[in-house]
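The primary structure of each chain is shown beneath.
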Amino acid sequence: MIESYEDRLFRLAREDDRILVLTAENRAPIRGLPERLGDRFLDVGIAEQTLVGAAAGLALQGRIPIAHALASFLTMRAFEFIRTDVAIPHLPVKLVGSAAGILSEANGPTHQALEDVALMRSVPGVEVFCPADAEDLVLALPAIVASPAPAYIRLNLRPPALTHDEPFEIGRAEFVERGSDILILCAGALLREALEASRRLASGGLSIGLINVRSVEPLDEGPILDAVRSAAMTVVIEDHFRTGGLATVLADLLLSKGETAAVLPISFPARWFEPALLSRAIEAAGLDGPQLAGRIRTAWRDRRRTT
Amino acid sequence: MNENEKLRLERLAQSVRVRILSFATDGGCFLGASLSCADLLVFLYSRWLHYPSSRDPERDLLFLSKGHDVPALYATLAELGHLDPARLAHHLEPGLQIYWHPHRRVPGVEFHSGSLGHLPSVAIGAAYDLKLRRSCRRVVVVLGDGELNEGSVWEAFLVAGAKRLDNLWFLVDRNGFQANGPTEQILPLEPLEEKLSAFGLHVSRSDGHDFSALEDVFGSEALKEGRPHAVVARTVRGKGIPSIESRADRWFCNFTRDEIESLREELRGGAAARLETEALVVR
Chain P
0 MIESYEDRLF RLAREDDRIL VLTAENRAPI RGLPERLGDR FLDVGIAEQT
50 LVGAAAGLAL QGRIPIAHAL ASFLTMRAFE FIRTDVAIPH LPVKLVGSAA
100 GILSEANGPT HQALEDVALM RSVPGVEVFC PADAEDLVLA LPAIVASPAP
150 AYIRLNLRPP ALTHDEPFEI GRAEFVERGS DILILCAGAL LREALEASRR
200 LASGGLSIGL INVRSVEPLD EGPILDAVRS AAMTVVIEDH FRTGGLATVL
250 ADLLLSKGET AAVLPISFPA RWFEPALLSR AIEAAGLDGP QLAGRIRTAW
300 RDRRRTT
Chain F
0 MNENEKLRLE RLAQSVRVRI LSFATDGGCF LGASLSCADL LVFLYSRWLH
50 YPSSRDPERD LLFLSKGHDV PALYATLAEL GHLDPARLAH HLEPGLQIYW
100 HPHRRVPGVE FHSGSLGHLP SVAIGAAYDL KLRRSCRRVV VVLGDGELNE
150 GSVWEAFLVA GAKRLDNLWF LVDRNGFQAN GPTEQILPLE PLEEKLSAFG
200 LHVSRSDGHD FSALEDVFGS EALKEGRPHA VVARTVRGKG IPSIESRADR
250 WFCNFTRDEI ESLREELRGG AAARLETEAL VVR
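As they're listed, the protein sequences go chains P and F.
As numbered in numbering that gives the first Met the number 0, residues 0 to 306 make up the first sequence, in order.
As numbered in numbering that gives the first Met the number 0, residues 0 to 282 make up the second sequence, in order.
Keep in mind the hints are simulated off the structure, nothing from the lab.
Keep in mind that the hints are not guaranteed to be accurate.
[Stated by the list, open to error] Label pairs and their in silico Cβ distance ranges:
#1 Arg-46/F with Ala-27/P: 57 to 65 Å
#2 Glu-2/F with Glu-14/P: 51 to 59 Å
#3 Ala-178/F with Gly-293/P: 41 to 49 Å
#4 Pro-33/P with Glu-193/F: 31 to 39 Å
#5 Arg-228/P with Asp-83/F: 51 to 59 Å
A virtual CB, placed ideally from N, CA and C, is assigned to each residue, including glycine.
Same shape as in the complex, but just chain F:
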């Protein structure tokens, strides 16, 4: 990935983060988890998925299994022109379907979620159907690391491996936290990659905030070998806002509008410095 493209994605991700932040007031949202997967969704939707529009019959399918990070999905789709931003202005308004978890009637949501551990199996059904059709369309499931506590996830890993669904990617947003604290304190997952591998998945790891690294992992030709894929993306919960990053108590956030304004400044400040430096490098 060249530096200009990297810069484009970082700017896009910055706009996505600003938009995510707007969900964290007037009733709030799961801010930390949304910020941790923002770069993953930006990368997938703008670089990797075949996604001409939310209704294109040949589009790749992305299932957001950890549904509480839906602001990241809505923000990404809005920034890329797949979802009318006006719809997001009415966060939590009854009847408009923009709430704390994804609603399948919102353009771009392939399936609703919220109850953890469901979409790996739903994605198996979709991926199996695409195999039957000899389709090249791909299926990605975004999972939280806390979500891996659910037994149904491991059941689905076994089945996906057994059915050789190599058109299926399980992307784990490994931000290290679940609702009440670090995953390794609540129900330790490590050694995670070894576990996933033992379940029959082709496992790779990446820095989940580094677009070049993500491109290397998702673009690798070595991935096509009859096994479903697992990508463990190391991320930071709350990424982009230092006062929130990796704080155990920043799970569900509902800030006042003044607080949001100062968080936005914090987000702009950090990103501006970074983007400026990189722009200089590119020049």
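Same shape as in the complex, but just chain P:
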């Protein structure tokens, strides 16, 4: 593990006095920053609309605000402020959503942001990032902060699923494994499970490709499309509703090229997941490594039988 999120954020803020760290009393990932940043740390209290509006006002004055709140309240309660005050003027406000997707664990449906990526993707000009783990997040941070665009980042502090050898670039995916039978596209926190599934499938003799789609908007379209074309089947794994997430992104991409592909989308169906501590929640949703491998293997066999 290279450096913590908080330390990386602090180092960026120290190097660039345009950076301010904001929060709507969501301090867990940045507990030490109030003391370290002084008045460049601004906690507005449990007030997501004011958080986003104030971030827009700071950006208007030339600052780079990095605003933290729980993903569901940031992207849903304050949605119109993001769209109206951040996106219309295209201000470099960086929105960091905690406990997105499966990471809301035992909080229950009120806290389950399973449509945050869809919402943020729908806003013109907003970049959307789903880091695979804490290291992926820290690697991505400097480029995201340097971009002049507004951004939404799913905060992900899970321990590294792997060593990320490919440097982070906006609009570039990380090619973890290359293979010709099945391609797995994964956006976000389930990369660890996706990796385990790919290893299980590979040990059964299949050639498996695995892509960490860190940057959902903009998407690494060309290389992803090439990989989809050269695989016999593509699997999409995401802790997000089917509507508007990575499965939809891939469908849109294929549609725009007039192409089709055999795709197994593994997303949340249109209902909320069973709240539990992370590993149990993943298991209950059928998303742990062995379960993913089983689901993919079944789809692969069904496909072989019908073609």
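The hints should help you fit chain F onto chain P, whose structure is shown.
Okay, now just chain F, sitting in the frame of chain P:
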């Protein structure tokens, strides 16, 4: 404020009103709300804000949160030479950015608005930045009273108070009306000043059409005490045109050109009588 200066401002406000009226045809505008805040904007831009030009890096910032009164802003800026009046001749023409709500690329518009309840929080960000820079620049947010229905406004009041942003002024254009009727019938706000005060703001009230009164309120030294300011300006919706004043159905207005001409006469008539009397007093 001496009488000559008062007369100058009243003449300026009269020209601003004539210009506002020109927006109320060919597609129309929110006329009543524009007329109610015209004197406020004339006072601020010509007497109180540090505003050498719309691009001056040291200018004070005025955020028009109730964006539907933008004709008053455009007219004021045009009369003071900060905005080319030629641009306003093409009201509602696609591509020219002069429409029913403010566009931030029009000189003088610090931020776009239209959706109510947004700019108090945007202004907090700007005011916080100026505090960090130890700047003396001030930030004013113009709010409608109907706009105070929005919860985000009260959220922002709380935050502004908590962060001790005494460089921030919330100016409420208290014309007593919202879209469909009197505020006190739709969602009562009174006792408004007590509410604002309870939210941590330094509250004062003024007649929003009396330049001397506005000067007293904005010029008061007592304002510098670590609290953001709220000024409740009592105004009349449609001020200056008696046939429109405080009529609940005069919210959005789109008149024929003939109607505009007679309204202009009405505006001139009332003002001419008033200005003549005052000119005599000055003499």
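Checked hints:
1. Arg-46/F with Ala-27/P: 57 to 65 Å: Violated, at about 49 Å.
2. Glu-2/F with Glu-14/P: 51 to 59 Å: holds, 58 Å
3. Ala-178/F with Gly-293/P: 41 to 49 Å: About 58 Å separates the Cβ atoms of Ala-178/F and Gly-293/P, which means 41 to 49 Å is violated.
4. Pro-33/P with Glu-193/F: 31 to 39 Å: holds, 33 Å
5. Arg-228/P with Asp-83/F: 51 to 59 Å: Check passed, 55 Å falls within 51 to 59 Å.
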